[in-house]
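Trainee: Line by line, the protein sequences give chains H and L. Count the first sequence with the numbering used here and you get residues 1 to 239, in order. Count the second sequence with the numbering used here and you get residues 240 to 472, in order.
FYI, nobody ran anything at the bench for these hints, they're computed from the structure. Misleading hints may appear alongside valid ones.
Unchecked claim - Heads up, incomplete: computed chain H residues facing chain L, CB under 10 Å, no partners named:
1) 55
2) 70
3) 72
4) 73
5) 80
6) 85
7) 89
8) 95
9) 104
10) 105
11) 108
12) 130
13) 132
14) 147
15) 154
16) 160
Unchecked claim - Some chain H residues well away from chain L (every beta-carbon gap over 10 Å; in silico):
17) 13
18) 64
19) 157
20) 181
21) 182
C-beta: ideal position from N, C-alpha, C; glycine also.
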Amino acid sequence: MSDPVILALSALNKRFGKREVLRDIAFELRPGECTLLSGGNGAGKTTLLRILSGLERPDRGRIDTGKGPLSWRRSKAALQKRVLYLHQQPYMFDGSVRYNLGYALPGGVPKPLRNALIDTAIDWAELGPLDETPAKSLSGGERQRVSLARARLRNPQILLLDEPTANLDQAARRRTLDLLKCFKQEGVSLLLASHDPMHFSSLIDRHLHLYDGRLAALEDQKLMQIPPLHTLASLRSTA
Amino acid sequence: METLTLTTLAALNLLFSGNAELWEIIAISFRVSGVAILVATPPALLAAFFLTYQRFPGRRLLISINSTFLSVPAVVVGLTFFILLSRQGPLGEWKLLFTQTAMVLGQIALAFPILVAMGHSALQAADRRAWETARTLGANPLRALFTIMREARFGLMAALLAAFGRIIAEVGASMMLGGNILHYTRNIPTAIALESSKGEFAQGIALGLVLLTLAFTLNALLQHIQGKGQPVT
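Given the sequences, and given the hints that come with them, work out the whole structure.
Mentor: Now the structure itself:
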């Protein structure tokens with residue numbers, strides 16, 4: 001592991017009311033690495049992704065973005081600059097596919113360059129025929145491709161994906177995985193939350209499992225398996 | 240029945256013959272209510288946004304207080320501003336009583352809670368992922384705010400039209416704060432009240448027809464906007 005760490009978490013905790021959703025979470029993310037985050041429903045996967053994207057504030061813990069200890073406000077700003085979070089069901093703004101892609105570009109980009117960048121993203125995600133289609137009328141697979149193309153235009157260091165292949169048919173799932181591979185090859189660190197690891201076997205380098213609010217790193221040979229509950233109950237945060 | 244028909248015909252004649260006095264009253268109405276809506280809308284929508292997206296102590300209380308103001312009669316709003324702006328009142332030095340500015344202030348106070356309540360409902364109905372997606376795609380809070388407003392625009396337009404419809408037809412606040420001065424603060428509702436009390440029904444009916452046409456136009460617009468806002472299936 002000679003690659004530099006681009007994001008490090010330590011002793012991260014989050015509670016909703018009396019329920020402790022995340023306990024002493026610690027792990028690191030590196031460029032070009034794909035990490036799978038598994039866990040049952042309500043295990044805290046989405047909460048963890050939302051904290052990493054700056055949308056949710058942790059109760060305790062440290063998120064190191066390479067700038068030393070920061071207040072939550074500054075950490076949030078640093079996270080929002082380099083991390084991009086994709087919802088389980090990507091949100092499409094009211095407008096065409098082209099409008100949605102353009103949203104990811106900063107306001108100051110000149111129009112010809114803007115159009116060229118959008119065209120490149122359209123080609124990349126094979127969205128050509130859908131260029132001017134209202135984005136809200138797209139199917140689940142098409143929305144996923146638009147959201148990934150939008151992410152590519154934003155050019156993040158870390159991409160957080162919440163169940164990116166849920167409710168997709170086999171063809172749409174394959175296309176989504178192909179696009180994710182492109183991100184990985186370009187050095188983007190991927191963190192995928194899913195309770196179905198088998199879908200990502202060709203992509204992932206590391207498998208973290210959330211159980212009872214704690215995180216466990218699984219060995220290589222167990223990369224694709226969800227461990228039985230009795231073994232997880234005794235696990236401590238080892239990631 | 241015959242009297243009503245004759246009066247209505249006289250009213251239509253007044254309207255379509257371009258009676259200067261009548262059209263001046265209509266213009267004052269639209270000017271005062273238009274300015275009131277323009278001034279009230281930005282802070283009201285901002286308040287609606289904070290009530291929807293921010294969690295802070297007393298938020299629910301604020302929503303309840305705002306809802307209470309929805310049912311305050313226009314004449315009570317008029318009376319409150321009358322006391323504030325009268326010569327002996329705390330704002331008496333401004334010398335605003337019986338001016339169009341005073342009418343605008345009263346109408347802002349009437350429109351504000353409607354805009355906040357309906358704006359809050361519209362923003363609550365909008366998908367919360369819109370804000371999160373905008374922020375995660377690099378939009379600063381201001382751009383994300385405009386994005387949310389754009390996403391909820393049909394509901395927000397409905398709020399705007401409802402508030403405009405309410406204030407252009409109110410008589411209590413305009414009468415107390417404007418004083419019903421011809422060529423200056425006489426608007427449609429205060430003119431109807433005055434002309435009817437004098438037994439001059441033709442002008443009252445003519446102005447009533449204008450309000451009725453306006454109400455129809457606003458409702459038709461509202462229906463159109465709400466139809467456009469239906470989700471794509």
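Trainee: Each of the hints needs a verdict: does it hold here or not?
Mentor: Taking the hints in turn, this is what the structure says about them:
Annotation: residue 55(H) was flagged as interfacial toward chain L, and the flag holds, the nearest CB pair being 6 Å apart, inside 10 Å. Interface restraint check: residue 70(H) against chain L, minimum CB-CB distance 18 Å, threshold 10 Å, status violated. With a least beta-carbon distance of about 15 Å to chain L, the hint placing residue 72(H) at the interface is violated under the 10 Å criterion. Contact between residue 73(H) and chain L, as hinted, is not supported at the beta carbon level, the nearest pair being about 12 Å apart and thus beyond 10 Å.
The interface hint given for residue 80(H) is met, as the beta carbon of that residue sits about 7 Å from the closest beta carbon of chain L, less than 10 Å. The interface hint given for residue 85(H) is met, as the beta carbon of that residue sits about 5 Å from the closest beta carbon of chain L, less than 10 Å. Hint status for residue 89(H): holds, given a least beta-carbon distance of 8 Å to chain L, under 10 Å. The interface hint given for residue 95(H) is met, as the beta carbon of that residue sits about 9 Å from the closest beta carbon of chain L, less than 10 Å.
Interface restraint check: residue 104(H) against chain L, minimum CB-CB distance 5 Å, threshold 10 Å, status holds. Checking residue 105(H) against chain L by beta carbon gives a least distance of about 9 Å; that is within 10 Å, so the hint holds. This hint is violated: residue 108(H) has a C-beta 12 Å from the nearest C-beta of chain L, more than the 10 Å allowed. At about 14 Å, the closest approach between the beta carbon of residue 130(H) and any beta carbon in chain L exceeds 10 Å, and the interface hint on this residue is violated.
The criterion of a C-beta within 10 Å of any C-beta in chain L is not met by residue 132(H), whose closest approach is roughly 14 Å, and the hint is violated. Interface hint status for residue 147(H): upheld, as the beta-carbon distance to the closest one in chain L is roughly 8 Å, under 10 Å. Satisfaction of the interface hint for residue 154(H) is found here, the shortest Cβ-Cβ separation to chain L being roughly 6 Å, below the 10 Å cut-off. A least Cβ separation of about 9 Å between residue 160(H) and chain L falls short of the 10 Å threshold, and the interface hint therefore holds.
Residue-level check passed: residue 13(H) sits 20 Å from the nearest beta carbon of chain L, beyond 10 Å. For residue 64(H), the non-interface assignment is confirmed: its Cβ lies about 20 Å from the closest Cβ of chain L, beyond the 10 Å cut-off. Distance check on residue 157(H): its Cβ is at least 13 Å (rounded) from any Cβ of chain L, clearing the 10 Å threshold; non-interface status holds. Residue 181(H), annotated as away from the interface, keeps every beta carbon of chain L farther than 10 Å; the closest lies near 22 Å.
Distance to chain L confirms residue 182(H) as a non-interface residue, since its nearest Cβ pair spans about 19 Å, more than 10 Å.
Hint compliance for this structure: hints 2, 3, 4, 11, 12 and 13 are broken, all remaining hints hold.
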